[in-house]
Amino acid sequence: MAIQLAKDRDPLWKKIVKSRMLYLFILPTIALISIFSYYPAVSAVYRSFFEWDGAFRSVFRGFGNFKEAFTDEVLQVSALHLLIVVVFHLIRELVFPMVGALLVFHLRHSRAAYSFRTLLVIPIVVPGIVILLIWRFIYNPSIGLLNQLLTVVGLEDLGQNWLGDPRFSLLSVAFIGFPWAGGFPFLIYLAGLQNITVDIFDASTVDGATGIRRFFYVELPLVLGQVKLLVMLTIITVIQSYQNYLILTQGGPGLSSMVPGLHMYYVAFRYQRFGYGSAIGVILFALIFVLTVINKKYFQGGAESA
Amino acid sequence: MKSRVLILSVLALLLFGGVVSASGPREEVAAGPAVDIRMVLHTSNYEVPLVELAEQYSEATPGVNVTFEVIPNYDSTWEKTQLSAGTAPDIFFTHSMVEYGEQGLVLSLEDALNEMNPYTGNKWQDDFVPGNIERYAAPDGTPYMVPLDMVQQAVYYNKSVFDEYGLVPPETWSEWMEIMDKLQAEGYIPLSINGAGASGSTFVWSERVMTDAFMADKFDEWNVKKTRADYPGRNIDAPDGDPYVDILESLDLEEMILAYRKGELDPARAPEYRDVFKFLLKLASYGGKGYLGLDSDGQYEQFITQKAIMMFQGSSMATRIAKDMADLPAGSKFEWGVFPYPDFEKSDTPYVDTPTRGSGGVGFKLALAKSTPEREAAAIDFLRYILSPENASIIVEKGEPIGPSAIKGVKGSAVFDAFAQVEGTSNWFYYLGLDSEGEDQYRRAFQEFLLGKMNLDTFLRAYSDAVNAAQERQMEGIDLDPST
Numbered sequence: 001m002a003i004q005l006a007k008d009r010d011p012l013w014k015k016i017v018k019s020r021m022l023y024l025f026i027l028p029t030i031a032l033i034s035i036f037s038y039y040p041a042v043s044a045v046y047r048s049f050f051e052w053d054g055a056f057r058s059v060f061r062g063f064g065n066f067k068e069a070f071t072d073e074v075l076q077v078s079a080l081h082l083l084i085v086v087v088f089h090l091i092r093e094l095v096f097p098m099v100g101a102l103l104v105f106h107l108r109h110s111r112a113a114y115s116f117r118t119l120l121v122i123p124i125v126v127p128g129i130v131i132l133l134i135w136r137f138i139y140n141p142s143i144g145l146l147n148q149l150l151t152v153v154g155l156e157d158l159g160q161n162w163l164g165d166p167r168f169s170l171l172s173v174a175f176i177g178f179p180w181a182g183g184f185p186f187l188i189y190l191a192g193l194q195n196i197t198v199d200i201f202d203a204s205t206v207d208g209a210t211g212i213r214r215f216f217y218v219e220l221p222l223v224l225g226q227v228k229l230l231v232m233l234t235i236i237t238v239i240q241s242y243q244n245y246l247i248l249t250q251g252g253p254g255l256s257s258m259v260p261g262l263h264m265y266y267v268a269f270r271y272q273r274f275g276y277g278s279a280i281g282v283i284l285f286a287l288i289f290v291l292t293v294i295n296k297k298y299f300q301g302g303a304e305s306a
Numbered sequence: 001m002k003s004r005v006l007i008l009s010v011l012a013l014l015l016f017g018g019v020v021s022a023s024g025p026r027e028e029v030a031a032g033p034a035v036d037i038r039m040v041l042h043t044s045n046y047e048v049p050l051v052e053l054a055e056q057y058s059e060a061t062p063g064v065n066v067t068f069e070v071i072p073n074y075d076s077t078w079e080k081t082q083l084s085a086g087t088a089p090d091i092f093f094t095h096s097m098v099e100y101g102e103q104g105l106v107l108s109l110e111d112a113l114n115e116m117n118p119y120t121g122n123k124w125q126d127d128f129v130p131g132n133i134e135r136y137a138a139p140d141g142t143p144y145m146v147p148l149d150m151v152q153q154a155v156y157y158n159k160s161v162f163d164e165y166g167l168v169p170p171e172t173w174s175e176w177m178e179i180m181d182k183l184q185a186e187g188y189i190p191l192s193i194n195g196a197g198a199s200g201s202t203f204v205w206s207e208r209v210m211t212d213a214f215m216a217d218k219f220d221e222w223n224v225k226k227t228r229a230d231y232p233g234r235n236i237d238a239p240d241g242d243p244y245v246d247i248l249e250s251l252d253l254e255e256m257i258l259a260y261r262k263g264e265l266d267p268a269r270a271p272e273y274r275d276v277f278k279f280l281l282k283l284a285s286y287g288g289k290g291y292l293g294l295d296s297d298g299q300y301e302q303f304i305t306q307k308a309i310m311m312f313q314g315s316s317m318a319t320r321i322a323k324d325m326a327d328l329p330a331g332s333k334f335e336w337g338v339f340p341y342p343d344f345e346k347s348d349t350p351y352v353d354t355p356t357r358g359s360g361g362v363g364f365k366l367a368l369a370k371s372t373p374e375r376e377a378a379a380i381d382f383l384r385y386i387l388s389p390e391n392a393s394i395i396v397e398k399g400e401p402i403g404p405s406a407i408k409g410v411k412g413s414a415v416f417d418a419f420a421q422v423e424g425t426s427n428w429f430y431y432l433g434l435d436s437e438g439e440d441q442y443r444r445a446f447q448e449f450l451l452g453k454m455n456l457d458t459f460l461r462a463y464s465d466a467v468n469a470a471q472e473r474q475m476e477g478i479d480l481d482p483s484t
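Quick note, the sequences are listed as chains G and H, same order.
Here our numbering is used: the first residue of the first sequence is 1, the next is one more, and so on.
Here our numbering is used: the first residue of the second sequence is 1, the next is one more, and so on.
Think of the hints as simulated: they come from the structure by calculation, not from any bench.
Certain hints may be false.
What the hints assert, rightly or not - Derived coverage of chain H by chain G (criterion: at least 3 residues anywhere in the stretch with Cβ under 8 Å from a Cβ of chain G; other residues may be distant): (1) 73-80; (2) 290-296; (3) 300-310; (4) 438-447.
Unchecked claim - Straight line, CA to CA, 20 Å or less: simulated DMTMM-like cross-link-like pairs of lysine to aspartate or glutamate: (5) K123(H) <-> E376(H); (6) K289(H) <-> D157(G); (7) K333(H) <-> E164(H); (8) K289(H) <-> D165(G); (9) K67(G) <-> E437(H); (10) K453(H) <-> E73(G); (11) K453(H) <-> D165(G); (12) K289(H) <-> E156(G); (13) K307(H) <-> D157(G); (14) K398(H) <-> D324(H); (15) K307(H) <-> E156(G); (16) K282(H) <-> D165(G).
To be verified - Chain G is faced by these chain H residues, among others (derived, beta-carbon under 8 Å): (17) S84; (18) G195; (19) A196; (20) L451.
Being a predicted model, the structure only gives us computed values, none of them experimental.
Heads up, the beta-carbon is just placed ideally off N, CA and C, and yes, glycines get one too.
Please put together the full structure from these sequences, using the hints given.
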């Protein structure tokens with residue numbers, strides 16, 4: 001028979017009163033989150049049922065905006081592009097930072113490890129817009145670094161109109177950040193690897209698991225928690241993001257680099273249809289939510305060493 | 001003798017008092033409670049002189065404090081939310097002044113323009129280069145803005161390269177194509193094209209110039225309302241023979257819809273459009289690799305680095321070229337000039353009716369948000385002050401103008417002198433009532449057409465569908481009866 005503490009028998013209101021100072025301390029945070037995070041989100045869901053121009057005109061449409069979204073050709077095309085971009089980003093976020101983390105982790109010289117770790121992390125502090133502008137220059141078809149480099153090595157014919165050719169525009173933007181070995185995914189993987197105890201490595205060495213075998217049979221299973229986390233974060237980030245496409249291609253040429261987030265932005269801020277834009281946002285939220293639940297439920301990590 | 005001296009003294013005092021009251025900000029505005037006036041622009045072109053003038057005006061006008069600020073790249077969403085919240089600046093630049101005016105959010109300037117400007121002694125409207133206020137007014141003629149400056153488009157060309165190959169600026173389309181072929185054969189990009197641009201693109205302005213030249217014969221028939229009674233036709237020359245501004249009627253949305261439904265302004269049915277887009281496709285062939293990914297900065301870059309020899313751009317580029325040319329090393333400098341968009345001949349297209357005209361207009365359009373009578377009066381007075389010729393000259397000298405001043409008698413920067421060659425200003429019906437969504441649909445289809453993924457017929461049908469959908473979205477309040 002469980003021993004029930006006296007305080008556990010108190011009603012909720014009494015518990016709150018007894019802990020009132022704690023609640024008072026947390027109240028400002030809750031208030032700010034409610035105003036600046038939850039209210040806009042709830043408002044967006046509410047507005048998704050209206051034809052709203054953002055200022056003057058608001059007409060109830062019921063599920064009309066959602067029906068329109070499912071027949072919107074631009075959204076259909078951009079959904080396909082999203083699938084391509086998500087797969088590309090998953091490969092790049094899961095593989096290359098892992099390679100970088102493994103290389104740094106296994107460096108014998110601690111000073112060298114520190115130096116390389118620093119070099120791979122420093123780009124995080126560079127503002128994103130600076131990186132985009134640099135890559136816009138790299139992709140410039142006339143004087144850009146990429147085409148110039150191809151010319152220097154005798155591959156001038158491979159030079160393309162990277163951002164202005166519908167065959168390349170989508171993945172050219174997704175390619176930004178190459179070689180993708182650093183940044184936050186690198187840090188997350190490195191932290192996961194550093195959490196593996198030395199005993200496990202010693203035991204694996206005794207058992208003959210070195211190099212690639214060690215990675216697949218020891219390291220990877222023990223950082224699956226980090227992998228799962230990065231899968232979730234990558235999917236959420238990619239579905240929401242559109243700024244790279246907005247700045248570099250505006251979704252063009254044609255619709256070749258249109259993604260749902262950008263279409264949502266244009267619908268709201270260019271066409272002044274905030275209600276329909278909110279509906280697209282609600283659909284994207286639902287998608288992220290479903291994928292997150294699937295990821296959590298069906299891809300259980302190994303030892304949760306995140 | 002004494003009485004004569006007395007009379008002369010009184011007359012002198014009256015004369016002196018009149019001069020003093022005309023030279024500075026009017027003190028009558030300051031009577032009443034203190035007011036803060038806020039003027040906002042989205043670029044810093046005129047920041048230096050406007051801050052200075054705002055300070056001078058505030059010092060000289062007790063009870064009125066004017067501030068000027070730059071809010072970079074504000075857009076229609078910002079305008080709408082500010083206006084609906086009642087926090088809009090008193091004076092701001094907008095393209096949507098008619099829309100806001102009809103909603104009662106910005107001030108009608110009809111009365112103010114008909115009053116005397118105390119800083120010039122003229123009717124305020126007469127201080128402006130004629131035609132600029134009328135052509136941006138509402139269909140019923142109500143003006144909701146005053147112009148700060150004007151812009152024009154022309155073809156910039158590298159005169160040094162032209163001289164090297166014995167080329168002269170073309171006067172006809174055929175001559176222009178010959179020049180393009182020659183330059184292309186020599187390894188240059190003949191024409192730098194900002195294919196990624198939206199409203200400021202080479203193609204949009206070219207379409208405007210061409211449709212104006214090819215459809216002139218039908219304009220008077222479309223212009224059923226002739227709402228601006230003082231300007232009865234599109235071929236009226238501007239007073240003073242100023243070739244920069246051509247007073248003309250405009251089609252409003254209802255007239256455009258009627259002309260579209262008749263098929264005469266329908267890209268899929270009007271034969272002129274087939275030739276327009278054949279010409280645009282031809283132009284695109286001279287744009288060099290990657291023009292579809294090029295914005296205006298990239299276009300400028302190609303021109304200033306002499307990779308491209310020509311570019312069709314606005315007068316604001318002239319200031320930029322002049323500035324950058326001064327900084328370029330001696331070996332990279334070149335002579336440059338502008339020429340007007342070449343004319344079409346009957347041998348090019350059977351539809352050409354007139355020589356090509358310019359595609360410019362007003363640059364910065366200043367509207368006043370509705371607020372209290374005191375603030376409105378103070379804002380109007382401040383505008384009259386800064387747009388008087390003396391102060392408008394200061395704006396030109398100390399700012400980075402994008403074109404000539406819109407104030408009569410103000411000498412613009414010398415870099416714009418060459419734009420005087422561009423005669424007249426083409427009409428606006430080219431946009432066919434497209435809203436932002438329609439523009440995006442049109443632009444995507446046009447890019448597919450340029451890439452060869454869509455043939456001309458399919459593209460013109462897609463263009464027509466975008467126009468139709470956009471017009472349908474804006475049908476509220478339109479009964480398609482020109483008499484009402």
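Verification of the hints:
{"no.": "1", "hint": "73-80", "result": "holds (count 4)"}
{"no.": "2", "hint": "290-296", "result": "holds (count 5)"}
{"no.": "3", "hint": "300-310", "result": "holds (count 4)"}
{"no.": "4", "hint": "438-447", "result": "holds (count 5)"}
{"no.": "5", "hint": "K123(H) <-> E376(H)", "result": "holds (18 Å)"}
{"no.": "6", "hint": "K289(H) <-> D157(G)", "result": "holds (12 Å)"}
{"no.": "7", "hint": "K333(H) <-> E164(H)", "result": "holds (14 Å)"}
{"no.": "8", "hint": "K289(H) <-> D165(G)", "result": "holds (10 Å)"}
{"no.": "9", "hint": "K67(G) <-> E437(H)", "result": "holds (18 Å)"}
{"no.": "10", "hint": "K453(H) <-> E73(G)", "result": "holds (17 Å)"}
{"no.": "11", "hint": "K453(H) <-> D165(G)", "result": "holds (12 Å)"}
{"no.": "12", "hint": "K289(H) <-> E156(G)", "result": "holds (13 Å)"}
{"no.": "13", "hint": "K307(H) <-> D157(G)", "result": "holds (19 Å)"}
{"no.": "14", "hint": "K398(H) <-> D324(H)", "result": "holds (17 Å)"}
{"no.": "15", "hint": "K307(H) <-> E156(G)", "result": "holds (17 Å)"}
{"no.": "16", "hint": "K282(H) <-> D165(G)", "result": "holds (19 Å)"}
{"no.": "17", "hint": "S84", "result": "holds (4 Å)"}
{"no.": "18", "hint": "G195", "result": "holds (7 Å)"}
{"no.": "19", "hint": "A196", "result": "holds (7 Å)"}
{"no.": "20", "hint": "L451", "result": "holds (6 Å)"}
This entry satisfies every hint, going by the numbered hints stated previously.
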